[in-house]
Amino acid sequence: GAGVSQSPRYKVAKRGQDVALRCDPISGHVSLFWYQQALGQGPEFLTYFQNEAQLDKSGLPSDRFFAERPEGSVSTLKIQRTQQEDSAVYLCASSTPLFGANVLTFGAGSRLTVL
Amino acid sequence: AQKITQTQPGMFVQEKEAVTLDCTYDTSDQSYGLFWYKQPSSGEMIFLIYQGSYDEQNATEGRYSLNFQKARKSANLVISASQLGDSAMYFCAMREDDDKIIFGKGTRLHILP
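In the order they appear, the protein sequences are chains P and V. For the first sequence, position 40 matches number 41 in this note's numbering, and the numbering has no gaps at all. For the second sequence, position 38 matches number 52 in this note's numbering, and the numbering has no gaps at all.
In case anyone wonders, no lab produced these hints; they're calculated from the structure. This one's a predicted model, so the numbers in the text were calculated from it and none came from an experiment. Think of the CB as a built atom: it goes at the ideal place given N, C-alpha and C, for glycine as much as any other residue. Among the hints, a few may not be true.
Said to hold, decoys possible - Derived contacts from chain V toward chain P, CB cut-off under 8 Å, selection only:
(1) Gly57
(2) Met59
(3) Phe61
(4) Tyr64
(5) Arg109
(6) Asp112
(7) Asp113
(8) Ile115
(9) Ile116
(10) Phe117
(11) Gly118
(12) Lys119
(13) Gly120
Model the full assembly from the supplied sequences, consistent with the hints where possible.
Below, the structure is given as structure tokens:
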């Protein structure tokens, strides 16, 4: 597709449920990033991939969070046993190096509300 | 410690005036990149401008310019002739040598008619 596609756009989960958020990056983009954005705050880095390799997962808040990109294209962010503090917008972005820049193109985000 | 610091949580500027949004960064890498993104109330993240650490000239893109002061580790965004549509959150971001990209907490800009 022309842009980064994220689904679902909105997800309401009961505390304790597992959720899976999908990101379909721009075709051919090597790098894929996940960020968590709380209301009125900046995007907080969660993890990133180059192709299928997860190069940094230092931002994942706990072992309840897991991300994968098995074929170097679509990525899934999974949150197990959701808690209220997980409520946020989850942003996915993809990029490919161009003249030294790695400009991120963002998806519209998945807004997760945990009740 | 914060790697990207945006000290202005909110700013109010009269339409048509120029505005400077502050950003300081902290890195020990020699090769890095700095970005500015705009996030309107609709929530989309829009890329505005990029500056590489080895670029000698300040980056410019239309009404946007990046005032890069390497020794001071400062990368301020300047918007000339502000418009009502410039009202949004603005985020400074940095790519370090490992290609990880991190963001600051943002500045909310309000343009007044």
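Hint check results:
no. : hint   : in the structure
1   : Gly57  : holds (6 Å)
2   : Met59  : holds (4 Å)
3   : Phe61  : holds (5 Å)
4   : Tyr64  : holds (5 Å)
5   : Arg109 : holds (6 Å)
6   : Asp112 : holds (7 Å)
7   : Asp113 : holds (6 Å)
8   : Ile115 : holds (6 Å)
9   : Ile116 : holds (5 Å)
10  : Phe117 : holds (4 Å)
11  : Gly118 : holds (6 Å)
12  : Lys119 : holds (4 Å)
13  : Gly120 : holds (5 Å)
Checked against the numbered hints above, the structure violates none of them.
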